[in-house]
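Taken in order, these protein sequences are the chains called A and B.
Residue numbering for the first sequence is 1 to 372, as defined by UniProt numbering.
Residue numbering for the second sequence is 1 to 372, as defined by UniProt numbering.
Some clues are possibly wrong.
[Said to hold, decoys possible] Pairs of lysine to aspartate or glutamate, DMTMM-like flavour, derived with a Cα cap of 25 Å:
| # | chain 1 | residue 1 | chain 2 | residue 2 |
| --- | --- | --- | --- | --- |
| 1 | B | Lys357 | A | Asp298 |
| 2 | B | Lys255 | B | Asp369 |
| 3 | A | Lys357 | B | Asp80 |
| 4 | A | Lys357 | A | Asp343 |
| 5 | A | Lys255 | A | Asp228 |
| 6 | A | Lys69 | A | Asp37 |
| 7 | B | Lys255 | B | Glu107 |
| 8 | B | Lys255 | B | Asp228 |
| 9 | A | Lys357 | B | Glu107 |
| 10 | A | Lys69 | A | Glu365 |
| 11 | A | Lys69 | A | Asp361 |
| 12 | B | Lys255 | B | Glu221 |
| 13 | B | Lys186 | B | Asp172 |
| 14 | B | Lys357 | A | Asp238 |
| 15 | B | Lys357 | B | Asp343 |
| 16 | A | Lys69 | A | Asp238 |
| 17 | A | Lys69 | A | Asp343 |
| 18 | A | Lys357 | A | Asp228 |
| 19 | A | Lys69 | A | Glu232 |
| 20 | A | Lys357 | B | Glu254 |
| 21 | A | Lys186 | A | Glu314 |
| 22 | B | Lys69 | B | Asp112 |
| 23 | A | Lys357 | A | Glu370 |
| 24 | A | Lys357 | B | Asp309 |
| 25 | B | Lys357 | A | Asp309 |
| 26 | B | Lys357 | A | Glu314 |
| 27 | B | Lys255 | B | Glu241 |
| 28 | B | Lys357 | A | Asp335 |
| 29 | A | Lys357 | B | Glu314 |
| 30 | B | Lys69 | B | Asp80 |
If you are wondering where the hints come from, they were derived from the structure by calculation, not from laboratory data.
Protein chains: 2
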Amino acid sequence: MTDSRVIEDFYAIIPAGGAGTRLWPVSRQGAPKFLHDLTGAGRSLLQSTVDRLTPQAGADGIVLVTGAKHVAACREQLPDLAEESVLAEPLPRDSMAAIGLAAAVLEQRHGDVVVGSFAADQMVSGQAAFEQAVREAVAAARAGYVVTIGIAASRPSVAFGYVRSGEPLGVDGAPTALHVRGFTEKPDAATAREYLTSGEYRWNAGIFVARTSVLLGHLREQRPALHDGLREIAAAWDTPEREAVLARVWPGLEKIAIDHAVAEPVAARGGVAVVPGTFGWDDVGDFNSLAALLPSLDAGDKVAGVASDVVRIETAGNVVVPQSGRVVALLGVDDLVVVDTPDALLVTSRSRAQQVKSLVDALRERGLDELL
Amino acid sequence: MTDSRVIEDFYAIIPAGGAGTRLWPVSRQGAPKFLHDLTGAGRSLLQSTVDRLTPQAGADGIVLVTGAKHVAACREQLPDLAEESVLAEPLPRDSMAAIGLAAAVLEQRHGDVVVGSFAADQMVSGQAAFEQAVREAVAAARAGYVVTIGIAASRPSVAFGYVRSGEPLGVDGAPTALHVRGFTEKPDAATAREYLTSGEYRWNAGIFVARTSVLLGHLREQRPALHDGLREIAAAWDTPEREAVLARVWPGLEKIAIDHAVAEPVAARGGVAVVPGTFGWDDVGDFNSLAALLPSLDAGDKVAGVASDVVRIETAGNVVVPQSGRVVALLGVDDLVVVDTPDALLVTSRSRAQQVKSLVDALRERGLDELL
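Please work from the sequences and hints to get the whole structure.
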């Protein structure tokens, strides 16, 4: 790649995991959220993520980390991705193991490079602003920081974690970067309102950019066993020993999120920076948040799919996801979520969209695993 | 038949027509309401109607009148029905033509007998009470009356027409029969309440019992052209000329309901009687009225179908019709109607159930005729 947007020695790690349970029945264990084109953009969330990162990481600078059972589907969606660019996890071991493995493999292959981790199942709008934030994050990462990109909070959301910023970082090439004072879990509504008012808090999009040496160095300090296991696997990755070492070491790795393993403890010591993102972002966590990303039909109804599959009379505010090819007919109903797939139908209200997980739990209890 | 319940020289006419549009998407043009087992009874409404009438009319005393396109489906559901017991209408010409044709054919075959017309798409509970009412109606019919069976109004329904009763009829074998003062169309809510209070009004179930000579005599007076056409067709029915005469005469017959053609004008002259029915009755006109016929699950949800196909969390008062084999998952919704068929899904509220017809109209306007 000779495109001037390419950032030298920068690699994008895309952890593609997470069931997206609150998006059932679209998102399934066998075909999770990231494989779906939820908004009708013509590309799945995973494809859009790769499209977004390729200008800066280059086509060869992208590493996908996903469950072994999703590798085939990912490759089908990303036919141009090189064989060695997909790392298959035998079992889910949470985000620290996934990102740490990719960082260790990339360091093994390329030396001490900058890596950025970007979840496969988020929506971003505003490519130029996104790239600007990544450029600043890489600059701050080169200066030795673990860098996150904080999303401007547009409402007092209780669905996201937050990152609290402090003083300007003062690093060349990262003029807007700030020190991070800490991370917080999803707040209650009152706290979320305080966060919004203060201006210090941004949504934590789970984006982390760092030099591999910095990231893995922190991991060695914080979680030495996990670090050593990942290094051992990485050393064997591009050798005939990969499968044997994976089989021996991977199952025993600690399951922990990168937030808890590295970001929070390092932030407490002043080692984390945040670049305020000015692009549109959403994690599309449930059907109500999906609605915000869809154009409105008359009366504010939203259709994620072929609008002509939906027949509406005296309706308002509904979110309809027609995915079975059947006609969905709505009469005199408001603010519902109707998701129609070939083997399962969901009807709930937009206000309950966050609780769809409880339905999935109920299906599991009934032994209807083929629907999960 | 030597069963003592059989009524001599009594024939049951079952007009099987009507699209049941308010029960879309279960009821379709190609498979109307009467072909469906709406309540999970194990028998379609048509089969139940035949089951109900056979003890009194005898297996050979039943005549089905239906559209030519439904004949095959009817025969499949009623394999024991004799060839000559099914009269196929080339085109729909409303209830007077259908019932009048059957009456004329029966008179041609059997002389002046008593016929009773019973719609194919109604629910009746209480076989003994039903038979008692039919016996009285036949007795009153033998005395020369056109006799209806009036259903005890249990609520101020605006969905049914009413029959207003007068003085006792005083006919042997029909001790509870009353003179009919008139018929009324579906009333508004205030009028329906007055009807209920007065005790004089019963629901018009569209049941008419009369001697063929009486029924056809009234028809000759009221609608001579229609009468003559039906007589002409009946004369040819059991001859090689049937199809030719049908093709020539049937399309020109007047489309009119038996209520308007005969019942109302004859009632005005004192020629109609009503036997108060004490059996349970419903015309299952829409999904809300279907709900009343289904057992309640917890929280008052109703399922017309396999209850295990429906997964519910924090729901109440919903009517679910799972007919596609898919799982229907409801979360936190109340008083909805969810009807799931292989090619169309309906979501509405119970209070809108009467308006489903407007959806069908909308589908027709869109040219989605294959769904109607």
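request  = Output the numbers, in ascending order, of every earlier hint that fails for this structure.
outcome  = 3, 9, 13, 14, 18, 20, 21, 22
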